[in-house]
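Q: Sequence positions in the sequence shown follow the working numbering and run 599 to 785.
Any given hint might turn out to be false.
[Stated by the list, open to error] Distance windows between CB atoms, simulated:
{"no.": "1", "residue 1": "Pro-637", "residue 2": "Arg-766", "range": "23 to 33 Å"}
{"no.": "2", "residue 1": "Asp-777", "residue 2": "Glu-661", "range": "38 to 48 Å"}
{"no.": "3", "residue 1": "Ala-650", "residue 2": "Glu-672", "range": "26 to 36 Å"}
{"no.": "4", "residue 1": "Asp-777", "residue 2": "Ala-615", "range": "41 to 51 Å"}
{"no.": "5", "residue 1": "Gly-623", "residue 2": "Arg-779", "range": "48 to 58 Å"}
{"no.": "6", "residue 1": "Glu-730", "residue 2": "Gly-758", "range": "28 to 38 Å"}
{"no.": "7", "residue 1": "Glu-730", "residue 2": "Ala-674", "range": "33 to 43 Å"}
{"no.": "8", "residue 1": "Asp-629", "residue 2": "Asp-717", "range": "17 to 27 Å"}
No lab work stands behind these hints, which were simulated from the structure alone. Glycine included, each C-beta is placed from N, C-alpha and C at the ideal position.
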Amino acid sequence: MNRDDWDDVDEADALPALVDAARRGSGSAQDALYRRFAPVVHGVLLGYVQKADADDLTQDVFETALQRLDQLREAAAFPGWLLGIARHAALDTKRRRAPLTGIEIEAVDVNATHEDRLDAQRSLAAIRGLPEAYRETLMLRLVEGLSGPEIAQRTGLSPGGVRVNLHRGMALLRAALADERTGARAR
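Could you build the full structure based on these sequences and the hints that come with them?
A: Structure, rendered in C-alpha cells:
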C-alpha cells in the first residue's frame, strides 16, 4: 500500500495490518503510524516535560518503537505499547535533568495578556503535578482534543476507566488551581 492507501483505511480495522506492514519495513506504513500517533505521543510527553523536549522526544519515541516493533506481541496493542515507550522516555529525560526552578513559558501568543500567560503556566504546572493516570488522560483530552473512546483506544483503558480518570483528574486539577489562586492572593 502507498501512503494514500493507509490514510484512507479505517483505523480500528487497519491497525494490525499497518503495524505488521511497518514490521516488514514498509516506509509508507511507518509514516502512517507516525501521522496517526505522533500528536498523541506529543501530548503525553507534554504532561512530563517542557515543549522543546516533547518535540525532540516525539521523534525519539518513534525511532525506538520502530526499532523494537519485533518485540510487540500483538499488533492491536500498539497504541498502549507506544505510549509506554513515550512515558519511559519522558521519565528518563526528567531523571537526567535537574529540576526546573521556575515555570517556563511554553508558547508565546502575542495577543495574550501577561495574566493569560501566567494562567496557562499555572494550569500546565498543575497538570504536571497530577498522578500519571490522571495527567495522561487529561493531556489527551485537553491538549490533543481526543474523545473518551479515542483516549480508551490509545491508552488501553476501558471507556469507564477513562471517564473515571477524567473526572478525578479534573477534580484534582480544579483543587490545585484553586489552591494556587488562594495562595497567590494571600501573598
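Q: Please test the hint of 41 to 51 Å on the beta carbon pair from Asp-777 and Ala-615.
A: Holds: the Cβ-Cβ distance is about 48 Å, inside 41 to 51 Å.
Q: Using the beta carbons of Ala-650 and Glu-672, state whether their distance is inside 26 to 36 Å or not.
A: holds, 34 Å
Q: Range first: 17 to 27 Å. Now tell me if the beta carbons of Asp-629 and Asp-717 are that far apart.
A: Violated, since Asp-629 and Asp-717 (Cβ atoms, about 37 Å apart) do not stay within the stated range.
Q: Using the beta carbons of Gly-623 and Arg-779, state whether their distance is inside 48 to 58 Å or not.
A: Check passed, 53 Å falls within 48 to 58 Å.
Q: Given the hint of 38 to 48 Å, check if Asp-777 and Glu-661 actually sit that far apart at their C-beta atoms.
A: holds, 40 Å
Q: Taking 28 to 38 Å as the hint, is the beta-carbon distance of Glu-730 and Gly-758 inside that range?
A: This hint is violated: roughly 19 Å between Cβ atoms.
Q: Between Glu-730 and Ala-674, is the Cβ distance one that fits in 33 to 43 Å?
A: violated, 23 Å
Q: CB of Pro-637 to CB of Arg-766, is that within 23 to 33 Å?
A: At 24 Å between Cβs, range holds.
Comparing the model with each earlier hint shows violations of hints 6, 7, 8; every other hint is respected.
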